[in-house]
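Asks: The task is simple: from the sequences and hints, build the whole structure.
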Amino acid sequence: MPELPEVETIKRDLNALVNKKIVAFKLLSPKTASHSAAFFKKSLVGQKLIDIQRRGKLLILVMQNGLYLLIHLKMTGQLIYQSRETKIIGGHSLSSGSYEKSVGGKLPNKHTRAIFNFSGGGQLFFNDLRKFGYLKLVKKEELDKILQNNYGPEPLTPEFTATKLKNILKSRKTNIKAVLLNQKLIAGLGNIYVDEALFATKIKPTRPANKVKAEEIEVLVRESNKLIKKAINHRGTTFNNYVDSKGKKGNFSQFLQVYGRKGEKCLVCGGPISRIKLAGRGTHYCPNCQK
DNA sequence: GTGTTTGTTATCAA
DNA sequence: CTTGATAACAAACA
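So that you can map any letter, position 10 of the first sequence is 10 in our numbering, and since no number is skipped, the others follow by simple counting.
Don't take every hint at face value.
Using 20 Å as the maximum straight-line C-alpha spacing, the simulated DMTMM-like pairs for lysine to aspartate or glutamate come out as follows [claimed, not checked]:
| id | residue 1 | residue 2 |
| --- | --- | --- |
| 1 | Lys140 | Asp51 |
| 2 | Lys226 | Glu215 |
| 3 | Lys42 | Asp13 |
| 4 | Lys184 | Glu159 |
| 5 | Lys230 | Glu154 |
| 6 | Lys202 | Glu218 |
| 7 | Lys170 | Glu216 |
| 8 | Lys166 | Glu215 |
| 9 | Lys229 | Glu154 |
| 10 | Lys20 | Asp51 |
| 11 | Lys173 | Glu215 |
| 12 | Lys204 | Glu218 |
| 13 | Lys226 | Glu159 |
| 14 | Lys166 | Glu216 |
| 15 | Lys170 | Glu215 |
| 16 | Lys291 | Glu218 |
| 17 | Lys164 | Glu85 |
No lab work stands behind these hints: they were computed from the structure.
Replies: Shown next as structure tokens:
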């Protein structure tokens, strides 16, 4: 599940594509794109990629002609880049290129939804098993509106302050987990990092948001920043599907304290980790440590 | 065949 | 209008 650290990892990798030109585009799954393949081709082919940005879990590719290509990976999206060199190595040796080494199989595969060819001979593959992810072309005004309406403050930015968080939480009667998952209120956290952040803060995910104390909110801000920073440093968490732009898995799974550890021992108190369903999501916590 | 997985939106209710 | 709760989406796997 690509959340903020995973999308940030991909963004940093794909920075290698900035200043390259898209020389060809192929759309294999029409539903994946906001417009027709013809429109995408017309809008993108011949254009230089001038910057890559990220807001929450959304990737923003800034094109020279003033259009923005939004890429959302949702649950199972992947962006895999193979440079010309990678492909040549892959084509000539038995052990093949890095994506094949780490994940297996050649690209494109049956989950490839779009292919971008870049100047210099590299190819970017957008794979998405479940087809929840999308490619969306927008102009500046639409982009601004989308960012304005759908993304709250996110960890590791100056806007992510205890003061702001207190204001967000104090009026919400629903459980804290649902609030932290809501991208309009707080952007970037998903199911894994919400569970981890709440464990680090010793707050039970079922607690009503307005019952979280001011001191706890300050800890929540600090711990979330720490957690997200560390996860980025380890190139994200791979639980099942996520891989980086080279097709490699993230290394943060080894640091997870509660997510995916149902029935296992809490690393703080030794008691068993619980798993419940909350906000429609699998939710992991220590019933002893988290109040 | 059934249930489960999750990011986001749609839908309906209060 | 705001908030909240839940279904729906898609595909694969146990």
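Asks: Under the constraints set out in the numbered hints, which ones does this structure not fulfil?
Replies: Hints 3 and 17 are the ones this structure does not satisfy, whereas the remaining hints hold.
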